[in-house]
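K.L.:
Given these sequences and hints, build the entire structure.
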Amino acid sequence: GIPTTIPEGYYGYSTPVPRDQQDPIATIFAPLTSLPIDKEGLENLQKEQDRLEKEKKNLEKKISDLWKDIGGQNGDGMGPNGELYPLANKCFDVEAGKYTYEVCVFGQAKQKEESG
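So the numbering used here is basically just the index in the sequence shown, starting at one, shifted up by 46.
Hints are computed from structural coordinates only; laboratory data are not their basis.
All of these numbers come straight from a predicted model, not from anything done at the bench.
Do not take every clue at face value.
Just the calculated beta-carbon pair ranges, DEER-fashion [said to hold, decoys possible]:
no., residue 1, residue 2, range
1, 102, 62, 21 to 29 angstroms
2, 109, 63, 51 to 59 angstroms
3, 89, 135, 30 to 38 angstroms
4, 99, 139, 46 to 54 angstroms
5, 139, 93, 52 to 60 angstroms
6, 111, 70, 52 to 60 angstroms
7, 92, 59, 34 to 42 angstroms
8, 63, 90, 33 to 41 angstroms
9, 102, 80, 31 to 39 angstroms
10, 74, 111, 46 to 54 angstroms
11, 108, 63, 51 to 59 angstroms
Note that CB positions come from ideal geometry on N, CA and C, so glycine has one too.
P.N.:
Structure, rendered in structure tokens:
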């Protein structure tokens with residue numbers, strides 16, 4: 047059958063026993079093990095860390111979106127220093143004969159026929 051106990055030293059197995067107070071390792075770590083644990087304080091700090099990391103992520107996304115709006119950090123979209131950004135959402139109407147052309151600088155252009 048299947049054994050229900052394992053003899054001491056069987057395949058190198060020994061029953062674990064706690065260290066006594068005179069053990070050198072126990073003496074070294076005694077100051078750490080005697081420190082009080084502030085579980086509630088730790089949980090509050092973890093919640094605050096999570097909140098701040100979420101806020102940081104939102105701010106990084108905002109910054110990234112703003113860089114996209116002005117043409118990227120390397121200036122290839124709206125000029126090296128974003129000089130063309132004021133024109134980004136502007137459209138202009140140009141009348142030519144019976145047509146009106148609407149041109150959006152960074153968007154599309156439309157031709158409208160005058161109704162008359």
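K.L.:
Take the hints in turn and mark each one as holding or not.
P.N.:
Hint check results:
1. 102 to 62: 21 to 29 angstroms: violated, 44 angstroms
2. 109 to 63: 51 to 59 angstroms: holds, 57 angstroms
3. 89 to 135: 30 to 38 angstroms: 46 angstroms Cβ-Cβ, so the 30 to 38 angstroms window is violated.
4. 99 to 139: 46 to 54 angstroms: holds, 48 angstroms
5. 139 to 93: 52 to 60 angstroms: holds, 55 angstroms
6. 111 to 70: 52 to 60 angstroms: holds, 58 angstroms
7. 92 to 59: 34 to 42 angstroms: holds, 38 angstroms
8. 63 to 90: 33 to 41 angstroms: With Cβ atoms ~38 angstroms apart, the hint holds.
9. 102 to 80: 31 to 39 angstroms: holds, 36 angstroms
10. 74 to 111: 46 to 54 angstroms: The hint (46 to 54 angstroms, Cβ to Cβ) holds, given that residue 74 and residue 111 are roughly 53 angstroms apart.
11. 108 to 63: 51 to 59 angstroms: holds, 58 angstroms
Against the hints set out earlier in the document, violations occur for numbers 1 and 3.
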